[in-house]
Amino acid sequence: MSGLLSAQGVQKKFGAVVAAQDLHIHIQAGERISLIGSNGAGKTTFVNMITGYIQPDAGQITLDGHNIIGMTPRDITRLGVARSFQIPQLYASMSVLDNMLVAQTTHDNQLSWWRPAHSAASRDRAEAVLERFNLLSHRHRLVAELPGGVRKLVDIALAMMGSPKLLLLDEPTSGVAAEEKFPMMDTVMQALDGQALTALFVEHDMDIVSRYCQRVIAFYSGRIIADDLPSVALTHADVRRYVTGEPDA
Amino acid sequence: MGKLLFTAELVLLGCLGAGFFLPKWLQFMLTMAMANGLVSLGLVILMRGGVVAFGQGLMAALGGYTAALVFEHLQWTDALLLPLLGGVTAMLITAPFAPLLARYRGIFFSMLTLALSMVGYGILVKTDSLGGSDGINMGRVTLLGQTLPDAAVSYTLLAVTMCFAAVSLVWAKVFFASTRGLVTRAIRDNELRVEYMGGSVAQTMAINFVLAAFLAGMGGALAVMALGHIDPNFSYWTTSGEYVFVAILAGSQSVLAVMLSSAVLEVVRSFSSAYFPTTWQFALGLFLLLVIRFLPHGLGSLWRSKSPQDMS
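Those sequence lines, one after another, are chains A and B.
Position 69 of the first sequence, counted from 1, bears residue number 69 in the numbering used here, the numbering being contiguous throughout.
Position 269 of the second sequence, counted from 1, bears residue number 269 in the numbering used here, the numbering being contiguous throughout.
Calculated from the structure, these hints are not laboratory results.
Be aware that one or more of the hints could be misleading.
Claimed, not checked - Below, a sample of chain A positions facing chain B; criterion: calculated Cβ distance under 10 Å:
(1) Thr77
(2) Ser93
(3) Val102
(4) Gln104
(5) Asp108
(6) Gln110
(7) Leu111
(8) Pro116
(9) His118
(10) Ser122
(11) Ala159
Said to hold, decoys possible - Okay, the calculated beta carbon distance ranges per label pair:
(12) A/Phe14 x B/Phe294: 46 to 56 Å
(13) B/Gly241 x A/Gly30: 53 to 63 Å
(14) B/Val119 x A/Gln190: 55 to 65 Å
(15) A/Gln86 x B/Pro99: 28 to 38 Å
(16) A/Glu127 x B/Gly241: 23 to 33 Å
(17) B/Arg103 x A/Glu131: 37 to 47 Å
(18) A/His24 x B/Gly241: 19 to 29 Å
(19) B/Pro99 x A/Arg211: 41 to 51 Å
(20) B/Leu286 x A/Asp57: 51 to 61 Å
(21) A/Asp108 x B/Glu9: 44 to 54 Å
(22) A/Gly30 x B/Phe294: 51 to 61 Å
Bear in mind the structure is a predicted one, so any value in this text is a computation, not a measurement.
Glycine residues also receive a C-beta, built at the ideal position from the N, C-alpha and C atoms.
Produce the complete structure using the sequences and hints provided.
Below, the structure is given as structure tokens:
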């Protein structure tokens, strides 16, 4: 595995609140990593800095050797970073298939005045991705009519349309019914299997973390307090004290 | 695409044939309806992206003044050339403002376009070389070098306007179904996601604004060719409001509905002003209220299916 993402001495403050404090993270291609931490620990801030939504105050972030500091979300997307959102960000008045076609068009920069959005080739490609996420039967439904769990999957499927190198999933199971979490994650992981991509999950559910990730990075007050295998990181004293909140810590 | 062009040709030929037998007053009314409909078609493009411009009257005026000035000073009188010149001029004058306007949404976009149009109105009123508040007249146009006899003027202008409208409607239909058209709809729903997928929201909105200006300029020039006169009222905010009225009446599902709505406005205005001249706006407002109540997606929803692809 080779280095894909590297954060060196990254810092970010919002007024007096330290959201990122001297972060050093190296991520290899192909890893499945979970970012854990209590609310306000700095997980989403880190994700937002990788995607260019916010800029760090200091430090350097490189993706495949490119310094991405100062780049817009659009430019970073073009380098191969895609993300899903804690609250799915979809085109609610459009069908699932149209959502996928928008993702394909914008990612491939195929904006045209005359090329039909619903060409056979575009539909085939979009439907192939939908099939991987077991969403094909929903393709003609309006997004606004979909249940929450299906919307989450569509959100992730949209991110996958661009064949990204790095996929960031912001709390993929939040808001999903307890009995649907594992089936949903199974679907996601099966869809990611065989794809040459690195996945970063922001996640609060430790069962999900220990079952689906190879590495855990735990945040507390903008600092990294553990970075290891799930079996090791989740038993780390600071993680038990500040993240999982176990009473015997 | 082939089927669309074939259907458009048939409809155009049918309309050209039928138009020949209409009385002159109705020919004029339809000419104005389609010329104004082109301005509203540009508005519908913007509305599909989630913004409404309240200054399209200025774009139409730019096209109209261009046609009149070119006719007067350069003696370019061709009925096919003048609308194109009007459209291009409106597009070129608007283009520098497009990147600024593309940054705003909602009421801020609407008010900025309104403000720009009122600045333009003020300039037109105060510029003597443009006729000031009286405006300027325009003579009779020619067609492919041929002078038009009195009896043929009204129908020729109707036919020319129909041709421009037909080409614009076919283009708009293709555009709405294109990849750029789809992304325009996506921007209305969720700009953030479009940016996160690698699309440029600002660029798309700016291009749509310039396209709307081209259509408005073309429509303005066609209207001035039929009226034979233009004055600054073309760019006044109440005129812009009428274009918005037509766009809302039409909805954004059908391009044909824009022309139909524009014709409805002309008919309601003509008959209302004839039979109750002081309260015709009341009739117009009542009509719009009924449409909004019973056809919230506009007249176009009467014949468009409610499949997810069509609903917008």
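Verification of the supplied hints:
{"no.": "1", "hint": "Thr77", "in the structure": "4 Å, holds"}
{"no.": "2", "hint": "Ser93", "in the structure": "6 Å, holds"}
{"no.": "3", "hint": "Val102", "in the structure": "4 Å, holds"}
{"no.": "4", "hint": "Gln104", "in the structure": "9 Å, holds"}
{"no.": "5", "hint": "Asp108", "in the structure": "8 Å, holds"}
{"no.": "6", "hint": "Gln110", "in the structure": "5 Å, holds"}
{"no.": "7", "hint": "Leu111", "in the structure": "5 Å, holds"}
{"no.": "8", "hint": "Pro116", "in the structure": "5 Å, holds"}
{"no.": "9", "hint": "His118", "in the structure": "7 Å, holds"}
{"no.": "10", "hint": "Ser122", "in the structure": "8 Å, holds"}
{"no.": "11", "hint": "Ala159", "in the structure": "8 Å, holds"}
{"no.": "12", "hint": "A/Phe14 x B/Phe294: 46 to 56 Å", "in the structure": "50 Å, holds"}
{"no.": "13", "hint": "B/Gly241 x A/Gly30: 53 to 63 Å", "in the structure": "59 Å, holds"}
{"no.": "14", "hint": "B/Val119 x A/Gln190: 55 to 65 Å", "in the structure": "59 Å, holds"}
{"no.": "15", "hint": "A/Gln86 x B/Pro99: 28 to 38 Å", "in the structure": "32 Å, holds"}
{"no.": "16", "hint": "A/Glu127 x B/Gly241: 23 to 33 Å", "in the structure": "44 Å, violated"}
{"no.": "17", "hint": "B/Arg103 x A/Glu131: 37 to 47 Å", "in the structure": "39 Å, holds"}
{"no.": "18", "hint": "A/His24 x B/Gly241: 19 to 29 Å", "in the structure": "59 Å, violated"}
{"no.": "19", "hint": "B/Pro99 x A/Arg211: 41 to 51 Å", "in the structure": "49 Å, holds"}
{"no.": "20", "hint": "B/Leu286 x A/Asp57: 51 to 61 Å", "in the structure": "59 Å, holds"}
{"no.": "21", "hint": "A/Asp108 x B/Glu9: 44 to 54 Å", "in the structure": "33 Å, violated"}
{"no.": "22", "hint": "A/Gly30 x B/Phe294: 51 to 61 Å", "in the structure": "57 Å, holds"}
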